[in-house]
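All chains should be modelled from the sequences, with the hints used to inform the complete structure.
The listed protein sequences derive, respectively, from chains A and B.
Note that the numbering used here gives residue 126 to position 126 of the first sequence, counting from 1, and the numbers run on in steps of one.
Note that the numbering used here gives residue 50 to position 50 of the second sequence, counting from 1, and the numbers run on in steps of one.
Be aware that one or more of the hints could be misleading.
Beta-carbon label-pair distances, calculated as ranges [what the hints assert, rightly or not]:
#1 A:Gly-129 x B:Pro-33: 33 to 39 angstroms
#2 A:Leu-148 x B:Leu-89: 15 to 21 angstroms
#3 B:Tyr-83 x A:Ala-165: 26 to 32 angstroms
#4 B:Leu-35 x A:Leu-42: 49 to 55 angstroms
Heads up, incomplete: computed chain B residues facing chain A, CB under 7 angstroms, no partners named [unchecked claim]:
#5 Met-1
#6 Ser-19
#7 Ile-21
#8 Phe-24
#9 Ala-29
#10 Val-32
#11 Ile-52
#12 Pro-54
#13 Ile-58
#14 Val-80
#15 Tyr-83
#16 Leu-89
#17 Gly-95
Keep in mind that the hints were calculated from the coordinates and are not lab data.
Model, not experiment: these values are computed from the prediction.
Just so it is clear, CB atoms sit at the ideal spot from N, CA and C, and this is done for glycine as well.
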Amino acid sequence: MGRYTDRGGPMRTALSHSIPIIVGITPFAVAYALLGVSVGLLPAELIAMSIIVFAGASQMVAVTMLQDPAVPVTLIIVTTALINLRHLLMGVSMAPHLRGAPRGVQAAAAFFMIDESYALAMNRMQRFGFDMRYYFTCGAVFFFGWSLLTGVGIAFGRLIADPFALPLDFIMPATFLVLVMPFLTNWPSILAGITAAVTAVLGALFLPGHWYIVIAAVVAAAVGVATEGAGSAH
Amino acid sequence: MRTEVMLMIAAMGAVTYLSRIAGFALVRAFGVPPLLARWLTYVPVGILTALIVPALLIRDGQLHVGLDNHYLVAGVIAAVVAYKTRNVLITVGIGLTAIFALQLIGGGPG
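Quick look at the structure:
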């Protein structure tokens, strides 16, 4: 990732930032594909889900819920909506940087907004401003990569080795560790991070579902604003 | 492809896309007052931290702070590597290696 330098222009930089992340996503795609096949979904349906929904966590939860035939489809859809609530907040935080863009570009930007493309784009924005070419290149890599890897997982998953043997739930947190670092350059951000850590852990322990992500971000950002200027007083 | 499965996928896609476009629609409709703009600058830190810390500290639904939590130990190592290198592949690689090493030493999955 080379410390977020910009040799070779925004699109090339986007490729060099997003391709290593899609490598880390590969075992998830294989796990999703194998789980999906095992619950009786057809290859075309699994790939269609990757193209239409394009949300790894929701897709994984959906195929897991399908293991139990008693689970109603409406519950799967409600669960999907709840897992994706954080996108609302991500959208509000990204949208001001695309205010001049046409409606269609904003609509496309929203489609490509996943945790990874959001994190990369907001990261880069700190240094270079919001860059459409960078963002859409990352989005395209993740979108086509995720669909393609779903197909690869269906076709070759059983030959690749057992993806469930990998600590899958460690890979994404470790990836986000790299992406959060550039934000932690001032005291309000560091205090916001600490607040988010505490709030998210408490929320994850005591609240149902994925509410803890949104609640932690809301509280953390308030602490960030409240502590602005506190660092300069010293 | 079966109709009922495709309907489920379409509905999942619709609620997911709604969640993604809603923030853009809100900003279009109401704009961004200065205080909200300041607040929004801290949202990425909040969301990323919330995606990281519970995943490392909570194992099987329980808060697990200690050296026998392999994810936590590997996570701390990964955080140092992330800070030093800013490189995803190196960070994830060393983190995974740490987890496997801890499992070998400590025995059993952590």
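Taking the hints in turn, this is what the structure says about them:
1. Against the hinted window of 33 to 39 angstroms, the Cβ-Cβ separation of Gly-129 of chain A and Pro-33 of chain B comes to about 21 angstroms, which falls outside the hint.
2. Leu-148 of chain A and Leu-89 of chain B have their C-beta atoms about 19 angstroms apart, which keeps the hinted 15 to 21 angstroms range intact.
3. Evaluation of the 26 to 32 angstroms hint for Tyr-83 of chain B and Ala-165 of chain A yields a pass: the beta carbon distance comes to about 29 angstroms.
4. The given range of 49 to 55 angstroms is respected by Leu-35 of chain B and Leu-42 of chain A, whose C-beta atoms sit roughly 50 angstroms from each other.
5. Against a cut-off of 7 angstroms between C-beta atoms, the interface hint on Met-1 of chain B holds, since the closest Cβ of chain A lies about 5 angstroms away.
6. Because the beta carbon of Ser-19 of chain B sits about 4 angstroms from the nearest beta carbon in chain A, less than 7 angstroms, this interface hint is met.
7. Evaluation of the Ile-21 of chain B hint against chain A yields a held restraint, the C-beta minimum of about 4 angstroms falling below 7 angstroms.
8. Given hint, Phe-24 of chain B at the interface with chain A, holds; its Cβ is 4 angstroms from that chain's nearest Cβ, closer than 7 angstroms.
9. A distance limit of 7 angstroms between C-beta atoms decides the matter here; for Ala-29 of chain B the minimum to chain A is near 11 angstroms, and the interface restraint is violated.
10. About 5 angstroms separates the beta-carbon of Val-32 of chain B from the nearest beta-carbon of chain A, less than 7 angstroms, and the hint is met.
11. Taking 7 angstroms as the C-beta contact cut-off toward chain A, the hint placing Ile-52 of chain B at the interface holds, the least distance being around 5 angstroms.
12. The interface hint given for Pro-54 of chain B holds, since its Cβ lies 4 angstroms from the closest Cβ of chain A, which is under the 7 angstroms cut-off.
13. Taken as an interface hint, Ile-58 of chain B checks out: its beta carbon lies about 6 angstroms from the nearest beta carbon of chain A, inside 7 angstroms.
14. Look at Val-80 of chain B: its Cβ only gets to about 10 angstroms from chain A, farther than 7 angstroms, so that hint breaks.
15. Annotation: interface hint on Tyr-83 of chain B holds; nearest CB of chain A at approximately 6 angstroms, less than 7 angstroms.
16. Hint status for Leu-89 of chain B: holds, given a least beta-carbon distance of 5 angstroms to chain A, under 7 angstroms.
17. The interface hint given for Gly-95 of chain B is met, as the beta carbon of that residue sits about 4 angstroms from the closest beta carbon of chain A, less than 7 angstroms.
The structure is inconsistent with the numbered hints 1, 9, 14, although it conforms to all the rest.
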